[in-house]
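**Q** In the order they appear, the protein sequences are chains A and B. Position 154 of the first sequence, counted from 1, bears residue number 154 in the working numbering, the numbering being contiguous throughout. Position 316 of the second sequence, counted from 1, bears residue number 316 in the working numbering, the numbering being contiguous throughout.
If you are wondering where the hints come from, they were derived from the structure by calculation, not from laboratory data. Among the hints, a few may not be true.
[Stated by the list, open to error] Residues of chain A placed beyond 12 Å of chain B at every Cβ, according to the derived structure:
no. : residue
1   : 14
2   : 29
3   : 31
4   : 51
5   : 117
6   : 121
7   : 158
8   : 184
9   : 188
10  : 217
11  : 220
12  : 225
13  : 320
[To be verified] Pairwise CB distance ranges (calculated):
no. : chain 1 : residue 1 : chain 2 : residue 2 : range
14  : A       : 73        : B       : 311       : 46 to 56 Å
15  : A       : 19        : B       : 179       : 34 to 44 Å
16  : A       : 74        : B       : 194       : 52 to 62 Å
17  : B       : 293       : A       : 14        : 32 to 42 Å
18  : B       : 200       : A       : 278       : 30 to 40 Å
[Said to hold, decoys possible] Below are the EDC-like pairs computed for lysine to aspartate or glutamate, each with C-alpha atoms no more than 16 Å apart in a straight line:
no. : chain 1 : residue 1 : chain 2 : residue 2
19  : B       : 283       : B       : 184
20  : A       : 27        : B       : 114
21  : B       : 232       : A       : 230
22  : A       : 27        : B       : 190
23  : B       : 283       : B       : 294
24  : A       : 334       : A       : 172
25  : B       : 283       : B       : 145
26  : A       : 233       : B       : 145
27  : B       : 225       : A       : 275
28  : A       : 331       : B       : 114
29  : A       : 27        : A       : 39
30  : B       : 113       : B       : 145
31  : A       : 331       : B       : 300
32  : B       : 185       : B       : 263
33  : A       : 334       : B       : 190
34  : A       : 165       : A       : 186
35  : A       : 117       : A       : 160
36  : A       : 6         : A       : 160
37  : B       : 113       : A       : 46
38  : A       : 3         : A       : 184
39  : A       : 2         : A       : 191
40  : A       : 233       : B       : 62
Glycine included, each C-beta is placed from N, C-alpha and C at the ideal position.
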Amino acid sequence: MKKIEKVNLPALFAAISEEASLVLPVKNGGMTNFALWSEDADVDLETLKTVKSAKDAFFPQSETLYSVHREEGKLKITRGELMDEDFVLFGVRACDARGFEVLDKVFLSDPVDSFYKARREHGTVVALACHAPEESCFCTTFGIDSAEPGADVDTWMVGEALYWKANTEKGEALTNRLSALLSDADEKAVEEEKANIRGIMEKLPYASLTTEGWGGDAQKEKFESPLWEELYKPCLACGTCTFVCPTCQCYDIKDYSTGEGVQRYRCWDSCMYSDFTMMAHGNNRTSQMQRYRQRFMHKLVYYPANYGGTFSCVGCGRCVEKCPTGLNIVKVMKAFAEKEGK
Amino acid sequence: MQELVNRAKALLADGTVQRVLGWKMGDLAYNPEPAFFENEEALSDFVYNSFCGANLSKYMIEASKKEGKTLVFLKPCDTYSFNQLLKEHRILREKAYIIGVGCTGKISGERIKEAGIRGIIAVEGADAFAPAETLQVKTLYGDREIAYKDAMLERCHVCKGKEHKIYDEIIGESRDTADSDRMEKVREIEAMSPEEKFAFFQNELSRCIRCNACRNVCPACSCRKCVFDSTKFDSAQKANVDSFEEKMFHVIRAFHVAGRCTDCGECSRVCPQNIPLHLFNRKLISDINEFYGEYQAGEDDTTVGPLTAFTTDDIEPSDARERG
Numbered sequence: 001m002k003k004i005e006k007v008n009l010p011a012l013f014a015a016i017s018e019e020a021s022l023v024l025p026v027k028n029g030g031m032t033n034f035a036l037w038s039e040d041a042d043v044d045l046e047t048l049k050t051v052k053s054a055k056d057a058f059f060p061q062s063e064t065l066y067s068v069h070r071e072e073g074k075l076k077i078t079r080g081e082l083m084d085e086d087f088v089l090f091g092v093r094a095c096d097a098r099g100f101e102v103l104d105k106v107f108l109s110d111p112v113d114s115f116y117k118a119r120r121e122h123g124t125v126v127a128l129a130c131h132a133p134e135e136s137c138f139c140t141t142f143g144i145d146s147a148e149p150g151a152d153v154d155t156w157m158v159g160e161a162l163y164w165k166a167n168t169e170k171g172e173a174l175t176n177r178l179s180a181l182l183s184d185a186d187e188k189a190v191e192e193e194k195a196n197i198r199g200i201m202e203k204l205p206y207a208s209l210t211t212e213g214w215g216g217d218a219q220k221e222k223f224e225s226p227l228w229e230e231l232y233k234p235c236l237a238c239g240t241c242t243f244v245c246p247t248c249q250c251y252d253i254k255d256y257s258t259g260e261g262v263q264r265y266r267c268w269d270s271c272m273y274s275d276f277t278m279m280a281h282g283n284n285r286t287s288q289m290q291r292y293r294q295r296f297m298h299k300l301v302y303y304p305a306n307y308g309g310t311f312s313c314v315g316c317g318r319c320v321e322k323c324p325t326g327l328n329i330v331k332v333m334k335a336f337a338e339k340e341g342k
Numbered sequence: 001m002q003e004l005v006n007r008a009k010a011l012l013a014d015g016t017v018q019r020v021l022g023w024k025m026g027d028l029a030y031n032p033e034p035a036f037f038e039n040e041e042a043l044s045d046f047v048y049n050s051f052c053g054a055n056l057s058k059y060m061i062e063a064s065k066k067e068g069k070t071l072v073f074l075k076p077c078d079t080y081s082f083n084q085l086l087k088e089h090r091i092l093r094e095k096a097y098i099i100g101v102g103c104t105g106k107i108s109g110e111r112i113k114e115a116g117i118r119g120i121i122a123v124e125g126a127d128a129f130a131p132a133e134t135l136q137v138k139t140l141y142g143d144r145e146i147a148y149k150d151a152m153l154e155r156c157h158v159c160k161g162k163e164h165k166i167y168d169e170i171i172g173e174s175r176d177t178a179d180s181d182r183m184e185k186v187r188e189i190e191a192m193s194p195e196e197k198f199a200f201f202q203n204e205l206s207r208c209i210r211c212n213a214c215r216n217v218c219p220a221c222s223c224r225k226c227v228f229d230s231t232k233f234d235s236a237q238k239a240n241v242d243s244f245e246e247k248m249f250h251v252i253r254a255f256h257v258a259g260r261c262t263d264c265g266e267c268s269r270v271c272p273q274n275i276p277l278h279l280f281n282r283k284l285i286s287d288i289n290e291f292y293g294e295y296q297a298g299e300d301d302t303t304v305g306p307l308t309a310f311t312t313d314d315i316e317p318s319d320a321r322e323r324g
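Okay, chain A solo, but in the shape it has when bound (with noise of 0.2 Å):
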């Protein structure tokens, strides 16, 4: 275990960026998102959640994947660039760092993106452990300790100073590289901040929610069950849920007319939209409901179907808390608990 305090972070700071650019919570027109580091930036590891998750850091709203324009007559084909250099991300919380965890079973498994798979071998994640949840947390839902993320390194943040500990080859590279800035601690402090944390989780609103009913095996029952009807209705169709989530991974290509040639781009979809999946033959979800039901089926029951029963939720709360109609998951589990009598 080793601490560093608070006034010099900034030094910490800037000590990371001499070798690898760094991605933390920065504050700008009052909203929390993370962007990176430099001097001036307005640094804010106070706010729990970024509006948006950590997950652009590894897979970006928005990527070239190559360009074409004409040169000399002829079409000229350039490729979207790899990441090839180190970058540590920095503040992330414990459901951001798992989220992560979703995002590598769909881009690192075969077919390999190689645009994902650059990132994170390149990407070292300083995790940091949440002093004080918010009513709108379910993490615990699905088995994440906000008291000990898990990351590369885990930095917990207790009174006016950060404690830190590697977890990871990649974590003790990082520390070790940080050793003039960092002094030995013991584990004391941050086993007191654990508990506090463990029992501030036990007392939050959604802190009974489970996941009972839900899995890869459901699909039939829940697909067909008639409450999405109902509890799609106030539904804007738009995509903040989807793009405030640290799991949602659907993207679409499109290209761009540059006038001089064409861009090719991946996205971030929303199954919240109308042309998402859209194929040649037309679009296999036709109405506002099926577009909704897919995206508690996707989080709920296809992915654990898929990927060992894991869910892709992680509970972070900010469709909670961003929604414009005040739905979520949260509410759309305990609609169906309360039907089936759980």
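Given the coordinates of chain A, work out where chain B should sit on it, guided by the hints.
**A** Quick look at chain B alone, frame taken from chain A:
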């Protein structure tokens, strides 16, 4: 609130309406959701409190396609949107039974959180008809307080007034909560240099995640198929590789709703990134007022809007251009 439920039950019972469009209890202190209630039983979940900011007018497009009348609860500012939708023939008056519901200013969980209050468990004082001057907020980390007006939505600080512009009956008192100048920020931006303006909007819009919540909630954005949903268009729905195209989305949208936007403030209420989208609309409203005389969209359901009507006194495009 019970009065609203009782009235809804009576109107369902005597067959005046087939369903009720209102708000349903949320599962946290601050997240009620818009809801259709099909019968008396369902109304046990009905809620009307200070967190019921959602403007229900746009849901009347769907309701207008259904059999029979829908009882809809509209706050004073929501009635402007309803009128505008009527004027655009998007909804049918005979399909709605409107209870103009009293409004004393709406608040949001987001605003309470912005004030640094986190871990909200319960909020006392958010009674829609008799709100407290100070909200008592019970949190995971102790009891906190916040002035009601500090938790209010931006739009309520520039309240259009307590008058319902269209209704069948009214239940509950309203109050005018305006305490700010609606065009103050617009003038501030107008005074900026072009470079400063660009930097201001670039910074604000840099947070846009292209979730389309602003568009989808907007009562003026009622096209059956939006141009941005066309798969034949480079700027379809989603985030683009080119950030300029991204920003065009908001500018195009502002122009499309110009003259029809009632300034209901839903766009800014729902933006997950807290982008002050209403400023685009207000700039255009301010210009329309200047060029054509004071005009409020949705004031009634008949007046032809200044951008839809043509008169020989209309400002010449060249004059408008010179003005900048």
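**Q** Which hints from the list above does the structure break, by number from lowest to highest?
**A** The structure breaks hints 2, 3, 4, 13, 15, 16, 17, 21, 22, 24, 25, 26, 28, 31, 33, 35; every other hint is satisfied.
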